[in-house]
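Place chains U, E and L on chain V using the hints.
Protein chains in written order, with this note's numbering: chain V, 1 to 440; chain U, 1 to 440; chain E, 1 to 440; chain L, 1 to 440.
Check the hints yourself; a few may be wrong.
[What the hints assert, rightly or not] Each pair of labels, with its calculated beta carbon distance range: (1) Ala254/V / Asn239/E: 22 to 28 Å; (2) Glu171/L / Gln41/E: 51 to 57 Å; (3) Ala254/E / Ser379/L: 42 to 48 Å; (4) Gln41/E / Lys231/L: 47 to 53 Å.
[As the list claims (entries may be wrong)] Calculated from the model, a selection of chain U residues having no Cβ within reach of chain E, i.e. all distances over 10 Å: (5) Ala47; (6) Gly55; (7) Gln206; (8) Ile241; (9) Thr250; (10) Ala342.
I should point out that these hints are in silico values taken from the structure, not numbers from a laboratory.
Only a predicted model underlies this, so the values are computations on that prediction, with no experimental measurement involved.
Backbone N, C-alpha and C define an ideal beta-carbon position, used for all residues, glycine too.
There are 4 protein chains.
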Amino acid sequence: MKTQNNVVLADNTMTALPPPGSPDIEIARAVKPWPIFEVAQRKLGVAHHALIPYGHYKAKLDLAQIPQRKAGKLVLVTAITPTPAGEGKTTTSIGLTDALNAIGVSASVCLREPSLGPCFGVKGGAAGGGRSQAIPMEDLNLHFNGDFHAITSAHNLLAALIDNHIHWGNELNLDPRRISWRRVMDMNDRALRHTLVGLGGPAHGQPRETGFDITVASEIMAILCLAEDRKDLERRLGNIIIGRDRDNKTVTAADLGAQGAMTVLLKDAIQPNLIQTLEHNPALIHGGPFANIAHGCNSVMATRTALGLTDVVVTEAGFGADLGAEKFIDIKCRISGLRPDAAVLVCTVRALKMQGGVAKDHLDEPNVDAVIRGAANLSRHIENMQKFGLTPLVAINRFPTDDVKELTAIREVCLSHGARVEEAQHWAEGGAGAKAWQKA
Amino acid sequence: MKTQNNVVLADNTMTALPPPGSPDIEIARAVKPWPIFEVAQRKLGVAHHALIPYGHYKAKLDLAQIPQRKAGKLVLVTAITPTPAGEGKTTTSIGLTDALNAIGVSASVCLREPSLGPCFGVKGGAAGGGRSQAIPMEDLNLHFNGDFHAITSAHNLLAALIDNHIHWGNELNLDPRRISWRRVMDMNDRALRHTLVGLGGPAHGQPRETGFDITVASEIMAILCLAEDRKDLERRLGNIIIGRDRDNKTVTAADLGAQGAMTVLLKDAIQPNLIQTLEHNPALIHGGPFANIAHGCNSVMATRTALGLTDVVVTEAGFGADLGAEKFIDIKCRISGLRPDAAVLVCTVRALKMQGGVAKDHLDEPNVDAVIRGAANLSRHIENMQKFGLTPLVAINRFPTDDVKELTAIREVCLSHGARVEEAQHWAEGGAGAKAWQKA
Amino acid sequence: MKTQNNVVLADNTMTALPPPGSPDIEIARAVKPWPIFEVAQRKLGVAHHALIPYGHYKAKLDLAQIPQRKAGKLVLVTAITPTPAGEGKTTTSIGLTDALNAIGVSASVCLREPSLGPCFGVKGGAAGGGRSQAIPMEDLNLHFNGDFHAITSAHNLLAALIDNHIHWGNELNLDPRRISWRRVMDMNDRALRHTLVGLGGPAHGQPRETGFDITVASEIMAILCLAEDRKDLERRLGNIIIGRDRDNKTVTAADLGAQGAMTVLLKDAIQPNLIQTLEHNPALIHGGPFANIAHGCNSVMATRTALGLTDVVVTEAGFGADLGAEKFIDIKCRISGLRPDAAVLVCTVRALKMQGGVAKDHLDEPNVDAVIRGAANLSRHIENMQKFGLTPLVAINRFPTDDVKELTAIREVCLSHGARVEEAQHWAEGGAGAKAWQKA
Amino acid sequence: MKTQNNVVLADNTMTALPPPGSPDIEIARAVKPWPIFEVAQRKLGVAHHALIPYGHYKAKLDLAQIPQRKAGKLVLVTAITPTPAGEGKTTTSIGLTDALNAIGVSASVCLREPSLGPCFGVKGGAAGGGRSQAIPMEDLNLHFNGDFHAITSAHNLLAALIDNHIHWGNELNLDPRRISWRRVMDMNDRALRHTLVGLGGPAHGQPRETGFDITVASEIMAILCLAEDRKDLERRLGNIIIGRDRDNKTVTAADLGAQGAMTVLLKDAIQPNLIQTLEHNPALIHGGPFANIAHGCNSVMATRTALGLTDVVVTEAGFGADLGAEKFIDIKCRISGLRPDAAVLVCTVRALKMQGGVAKDHLDEPNVDAVIRGAANLSRHIENMQKFGLTPLVAINRFPTDDVKELTAIREVCLSHGARVEEAQHWAEGGAGAKAWQKA
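The shape of chain V in the complex, shown without the other chains (with noise of 0.2 Å):
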């Protein structure tokens, strides 16, 4: 959150932190993180046993070690539909993760791995910003701890079986016109979107058309996401269907017999990744699946972890409430059980003014008007989210532009749909999202 400042820390970590509007990096490198033996001691009452390291700052939660001794409450932290202003999931997230624990709310944050490819683009990290990042942000960034390479690795596996299977007699009669199933990089590569393979004559493979996707739109990335432990994602990989055969019927990984050593390439990234926020307490970040194509959320292993080891699990969904809300509720929780117990809804006087029709470049100006009319939006999205029985907290992502009397229209909306309103440099304070939780 770029606006907060003020903040009530559980230790004196954050005092001398450079000011708020400093670059993400530099505010990050600012802060000495825990190992994080200690977060998970302190924050979690994991055991070092049930850790396994990845250097001093990073983990996996052995799955088969971790106790599941609590029962926590689920908040999914959803937003209005997207605009270039801006809107801060990922930091609302984070810092009402912060703030509950700041009031002595056992609480943790479950989010997504960041891919590599767009971290190499246009898009900045994807570990919050401002005050509310999870860190150590760099490494977070930048291959973490594997996962993404052992997904791209179990892709590309059963894509070679697939082939070699082609190569060498095709028993099972594959149409080489017709396999579905392409190949994964980790990386913006635009070149590889649509190849040929199998070239340079008979020793080489058959000719097909196919391509490369980028790692977070890997089947495989969803359905380890929606896993719920290893034999279940060895089930699921089997089910994966890779193409049709010549009589057109389709034909799936578990005829190759490729599930098993898929798997087995996986076993690490299936165990979720612990890292701290800025104020220490435990973030899980574990799977990013695509939210264009998929369904957008981190694993239910972590979500399902952290709630049985925080009384509060703050997670975050792609997109507008429309789309990565619905998505989650009917795609995530129902195939996994999980259900929210709360439900943030985040928004800014900025981005509602967008909505109401002012230019990027006028969004500095007070406009009540626009903000009423954009408001709309707002309060679409939460009847969309009371038709799932959620009538969110509407959380509004301060900016020092924010006119009083903007910030009084949107409260009003949010009164007349009967949901609560909080500011959320309040929950910088360790107040408003506590409270707002206690209440839901």
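Below, chains U, E and L alone, put in the same frame as chain V:
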């Protein structure tokens, strides 16, 4: 070493091991590894903070924190010309290390990392065998500490930057048909050897013929293994020739400004990996350039680190002495300034019989004449090594079927060249190797 | 026309013909064609020296030598919306021409050349059928006088020049991905639709995605059919847009200087071809632009030549009147200045029943209601033609199964639109068509 | 022959020719050809009905109508090893034919048809040069009588049938990677050498690597030139190996049932073409197998037809005597039973100087020593021909710069091998060639 027995162990770890001839994996699993911190502390004198753990039994050595307190001696293990009968360079290297430690000499072994690719194919693991293994064996064969994934990412990032450059105006006037930089994948996938990329129209790049090599064949793999440190690595990466422009002039990675980002991706991969032998002695497994097309030795950084931490460092070069040892000396040593203090030339009675013309299914039958004929190969390798100023100790990797007369024949050949010769089962008792070393 | 009988022949050639319903090829072979010199001399008044013979029964008309002594009237033959039941535009065109000649009117027919491609596939020949054919039928369907081969060569020469230009420095800065000029082949070859060319390394061009169309779909085919003469052809060829440069600007064949060589390759192809009907009347068969994507009429040069040599010229446009006749008028006529003096709209009782909802295997059963329902299609086509200022004569192509009440129903529909209507077997007797024309 | 002058003409056609050294096209256009009917009638005794005219100056000979009334003698024209200096086989062949006719011997010349491809590129026409040309020259170089187009169609029809077969179930179990039958085009188009076809998804065939050769390299070109008649052609087409099946067994065109349709496409192409020399003597130009990879001679059908119509038939084989004449004798003669009755070995003073080591820009300077050195090449070719039982007449194709001493040196070399030798300008006077023949 499959045939070794009567092992004298530093501790009693191996007393309950499965009998010789048991599957490698059974033997490996029968040994409980020491926590890697303990190996580092007790065997290398490396403190906790200088170690970057990857789980409890693997670590990277933080080059910035590692003391260089010793000036170890370097022993090169090479072999006669390889045959399907097998010679045993890796097991000899590990066995020699364990033997040295058993008699109280501080020794470590430096080996290459195995490729994921072939491990899913025909070849077995690459961590030795029998009672001379490095553990944890599964982890070593599966992702290990992510080095190969990082190299793959750095390699393919450069490829993506090239195609991107051509796509966005091609300021360097690169000739798409003369790009020599391909892509890599740590996978045996014949269908990727010859590919076409950039298909699908103007939004998806420029059509080009290219392909994928296995990651061990990446030039970056070779570069990483020859680099002295991160800065040297970055310089070498910049010097990579990626292809030619329309005027047929070479173009480098530095012309694209790629070396910085590539180096960032390799920041962890350059740190040597530490695991342990079955007898808990330090094994530095780092880098794995393909012996077929590159120099085929582990990294200079690992070897140099080991030399600073133990009195003896045993390392191995791929293939026979003519090829592997020659590359070791002419490439790795010439570039790094390292020099072997002694050399071990591994052979087996069976392999020499094969060199002498005996068919594979008759290798169990005693045949002194064949051994003498085949020893011509051994002689020439001894002579080759002598040209480098090294008279090797010949290590006969013993098999139960070996006949005394056969062994005597080999011994005579060695002595006639002034080379010392020992039988490998002695090493298991801690004697031969150590003595060999003491006199070298 | 499969059903016609009682033919009155100018000479007695056809008296010994196989009965109606015999295979087309049997009927065609039963007629001994006149030497083509004789057809030219007696029916067109064209002397020996103005004819370029291709064998004894085919010729090209030497445009430079042909007198333009007449100002013929142009009759367009079109049809209702095509159905699988068949209508018979080509047979009607040929039959009408024969009928006119039979009653002493100097008339010729102008048709398209058939593609070699589909003739080896599903479709039958394209030279009419029954007793209304152009002969020699095999030659017409097989290479004919080489026009399609010449167009193929000219088309592919331009393609070769484009790839050559890119290969040798690409002075025009062509974007290989934005070349819209493909290649053609007079062959049904699906594997050539989407291809990659220029593979194999720097000596073999620049890899590009492209493909082959059938020759009738060549833009050169359309251009040749719209050109006035060789000079106009060359100008039009130069205007061909071949693709775009890196700045997204269009590039033409003239930018490559290609039009001269292309025109040389077409120097014979622009001369109209002359063969004969079964009744030895002149048939000018020239050009064959694909009706699916081009204008679908024979060449302007052939039509104009015929109008200078006979009093009536019957010609045909592809598909139904809405599409084919519209293209004829809006493209061929607009560009050339030609105008039809009359139009014939072909229908059959069977096709109208099909338009009225009768299934294909019930078309033999009398069904006046269905005919009336289906006549809505006929009505609309009449109205469409009237918008062009042409009230068509409706020609009912008679079948033996046609019922008198059905014929009456059609007649009434036509009369209600002020359109005249005749039955096609009358033409065979030389009357209807001629009378129809005289009043048109 | 560029240097000939003082020509004695059968009629006075050539008296007003442009002077020697004028461009070939000017000389060719200066001669008014006889109507081809007249050439056929007066020089071959072939009646009108046995001729299939292609315009007024080209024809095909209808094999079914041609009488075989003579048993002509066959003269093979070959040469020393070719140099950039040029030797003149074609001009010598035509000149010899004209000379024989000039002294009253009934003679014809049999040559290959030129490729359209190279003619648009670097090479000049292929119809001789100077005053020894076949006309009409432009037509010969441009489509000619459609033979190459027909061969192209037949070749590509087979390719289309192969891809079609694979597409529709692949009953023959063809391995798409082992199809050796490529496609052809009569065009120099490097981008087509290596292609991928069958792209675009299941509706568009099966992706395959293949490519296009030039039409003269088509196996069908070679087959057509070796076939005895249509039936033999069809049999040979059926024997074409198109590739291999999944069991690596060869598959033929007959397995696809393709040979019938291919033969139909070639029905006109098998008829030999007749044009005339500048002196109106018969030139049978038929077939053009690529000398680089095929046998490089005109068709057996043309040669045999000419032998039945004239007393002497002069024909040419590609390249030097070692390669071209060897192929002529070992392939064309062996398969057909034809045998040369005499051989002419063409050389020039300039070419022998080049063989003797003189640089190209010094060939105009007299250099007897170099001629003698270079004559080693001539000697060996004479000896080679003698091994076939033929002592060649050596024809020195005269240039104005030739020195008497040089000519004498060549003469002596020839005589020392028992070979007769004549200078080519004598032929122009009708003497040497004729005399040579009379003694052969």
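Structure-based check of each hint:
Take Ala254/V and Asn239/E: their Cβ atoms lie about 59 Å apart, and the range 22 to 28 Å is violated. At roughly 54 Å, the beta-carbon separation of Glu171/L and Gln41/E lies within the given 51 to 57 Å, and the hint holds. Evaluation of the 42 to 48 Å hint for Ala254/E and Ser379/L yields a failure: the beta carbon distance comes to about 56 Å. Taken as a hint, the range 47 to 53 Å is violated for the pair Gln41/E and Lys231/L, whose Cβ atoms sit roughly 38 Å apart.
Under the 10 Å C-beta cut-off, the non-interface status given to Ala47/U relative to chain E holds; the minimum distance is some 56 Å. Annotated as non-interface, Gly55/U keeps its C-beta farther than 10 Å from every C-beta of chain E; the closest such distance is 46 Å. Separation of Gln206/U from chain E is inadequate, the least Cβ-Cβ distance of about 7 Å not exceeding the 10 Å criterion. The beta carbon of Ile241/U is kept farther than 10 Å from every beta carbon of chain E, the shortest such distance being approximately 16 Å.
Here Thr250/U stays apart from chain E, with its beta-carbon at least about 14 Å from theirs, past the 10 Å limit. Look at Ala342/U: its CB is around 48 Å from the nearest CB on chain E, clear of 10 Å, so calling it non-interface holds up.
The structure fails to meet hints 1, 3, 4, 7 from the earlier list, while all remaining hints are met.
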